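Undergrad: Spelled out from the first residue to the last, the chains are:
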Amino acid sequence: MGGNKNKWLLLASGIFILIIYPLIFTLPFPRHLMIMIFLYASLGLAWNMIGGYAGQISLGHAIYFGTGAYTSTILLMKLGVSPWAGMLVGGLFSIALAFIIGYPCFKLAGHYFAIATIAIGEIAQHWMLNWDWAGAAIGLTLPILPESLINLEFHTTKVPYYYIAFGIFTLTILATYGIDRSKLGYYFKAIKGDLEAARSLGINVARYKFYALALSAFFTSICGSFYAQYVLFIDPDSVFPLMLSIIVCLIATLGGVGTVWGPVIGAFILIPISEFTRIQFGGGGKGTDLIIYGFLIMVISIYQPFGVIGLARLFRKKEAP
Amino acid sequence: MYSSEIILQTIISGLLMGCIYALVAVGLCLIWGLMEIVNFAHGEMLMLGMFTAFWMFTLYHIDPMLSLPLCLVILFLIGVATYFIVIKKILKAPFLAQILATFGLGIFLRYLAQFMWTPDYRMIKNPALAGRLGFGGIFVGIPELTASLITILSFVLLYWFINKTEVGTALLATSEDREAASLMGINSDKMFALGWGIGAACLGVAGALMSNFYYIFPEVGFPFALIAYVAVALGGFGSIPGSFVAGIIIGLVEFLSGLFIVPAFKYTFVFIIYLLVVFIRPQGLWGRY
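Residue numbers (my numbering), protein chains in the order written: chain X, 1 to 321; chain B, 1001 to 1289.
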């Protein structure tokens, strides 16, 4: 069919452009911008698994990001473990955390669940701010190791970071695509659509909610570990804050929850806005990009809760005779 | 071990601060119980109340106690405006949209305030209320004491309004069953706007009172809002007296846990209360869950 062929062409050209991007843009900033887009798109996609597909609004997702960042960093600093292994261990910890958090919290409905996730996120941040063994408020500065793939540290160029971020991004998209097309995703959507109906059809709601959260936590955690290796400094305010949880939620919502490409679109819109307003209106903690964020969140929620993809679908419907 | 004086002092301070939490919680409970929408911009509206009092004092030399009625009115209008501009459009929207809309408003207000007024901490110097009273070894700040008394008075007035007047009964009816109430001729649109107005007005009063003794800065509202969510859950969904009492309880817990356990974790204990309440007794103390 012609339509499908166009989609494949678009996809292929998109992939091609992203692959040669660092070869065209050789300055650090455009590369950094795209790395951030990949990172936040992956975070948005990960949030989307539990928030968009399964409909459980978590506003405390930063806890998994921070867990990933701290786990791989501490394993590196104290035991010399390669960040790649640290990433996986962090992912496993995050899944365990998802189980501990999900088991009681999934009994809560609606607003109570959302507030509970905020509360847990805040407790986690407070805890980390006071845990001296893990650096407390001072944070952890990663050791500067020789540049290599095993060490996941590169000091002369951002290009390897770019392709690793692209890899994580691709992996997360593939996972989301897998969820979207599989029975797993079907169960998630059923739970989101009508929980009681899903349960009455025999779906083990608690188990599938946990699967969604576990997947989401795992990918969020991987992003956290990557962030630690990229920035080489982490502290509770950079990896555990509520604002990160909100931004992740916003990226998915802006683009379109419950879709494969929604969070990607959301990241491609939000991250450039954030970076450029920071440049335009200056630093100094003015937070102008956050004013725009807040406004955008409001506008999206009021006028098009289904995000950009929702808008696009509206247009497509209008086109059909 | 601590002397009984210190413990008593902590209890009294906790009770006094708890009264402020209580009034903030009551405002949130009113809105939440009325239309099942959580105002995630509650903290930022409190911040606006505090800044209103601050600018009245700094620009026009009006003492916070005198500008209190003005803060009440301004916040009432902000609440009503919020309803018509934002909330009315999301009454039937998906749940995520409802959460994010007020959250977005909160973020927008917070960073707009930071942009306009800088993140600097402000203080009202030499308000009319100052000084402290001493009983034995216990000291009570006069601003804090007056604030508590006025919050209790406000609560009593609010309770009387809701339970003993016709408009208040209409509000209660709308919160219980929106459709039945409108069948009875009660305009739910106006009721919702009124609910938002009163909920925000509580924040105007609380803000004006706090500006006497608390630092004023754009991020100030957030911890109070979080405590309000816990208080509403603890007091029981839909119960205004419940939220008030719960706010006071939380003030006590916060201060006492700060004394007996590490102060850095005092908010952690407040959140643990929230988690305990929703897991063990979801209807709270007095709620109609």
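Think of the hints as simulated: they come from the structure by calculation, not from any bench. Honestly, I wouldn't trust all of these hints.
Listed below are the simulated EDC-like cross-link pairs for lysine to aspartate or glutamate, each with C-alpha atoms no more than 20 Å apart in a straight line [to be verified]: (1) LYS1089/B - GLU1179/B; (2) LYS107/X - GLU1036/B; (3) LYS1092/B - GLU275/X.
Pairwise CB distance ranges (calculated) [said to hold, decoys possible]: (4) PRO1223/B - LEU201/X: 51 to 59 Å; (5) TYR103/X - TYR1215/B: 35 to 43 Å; (6) ILE1261/B - PHE25/X: 31 to 39 Å; (7) LYS1088/B - ILE150/X: 53 to 61 Å.
Partner residues aside, some chain B positions facing chain X, computed with beta carbon under 8 Å [as the list claims (entries may be wrong)]: (8) MET1035; (9) LYS1092; (10) ALA1097; (11) PHE1103; (12) GLY1104; (13) ILE1107; (14) ALA1173; (15) TYR1229; (16) PHE1271.
These figures come from a predicted structure and were not determined experimentally. All C-beta atoms, glycine included, are put in the ideal place defined by N, C-alpha and C.
Undergrad: With reference to the structure, classify each hint as holding or not holding.
TA: Going through the hints against the structure:
1. LYS1089/B - GLU1179/B: holds, 18 Å
2. LYS107/X - GLU1036/B: Since the Cα atoms of LYS107/X and GLU1036/B sit roughly 19 Å apart, the hinted pair holds (cutoff 20 Å).
3. LYS1092/B - GLU275/X: Roughly 34 Å separates the two Cα atoms, so the pair is violated.
4. PRO1223/B - LEU201/X: 51 to 59 Å: violated, 43 Å
5. TYR103/X - TYR1215/B: 35 to 43 Å: holds, 39 Å
6. ILE1261/B - PHE25/X: 31 to 39 Å: Between ILE1261/B and PHE25/X, where Cβ atoms are some 53 Å apart, the hint is violated.
7. LYS1088/B - ILE150/X: 53 to 61 Å: holds, 57 Å
8. MET1035: violated, 12 Å
9. LYS1092: Since the shortest Cβ distance to chain X is 11 Å, the answer is violated.
10. ALA1097: holds, 4 Å
11. PHE1103: holds, 6 Å
12. GLY1104: holds, 3 Å
13. ILE1107: holds, 3 Å
14. ALA1173: Because about 23 Å separates ALA1173/B from the closest Cβ in chain X, which is outside the 8 Å limit, the hint is violated.
15. TYR1229: holds, 5 Å
16. PHE1271: holds, 4 Å
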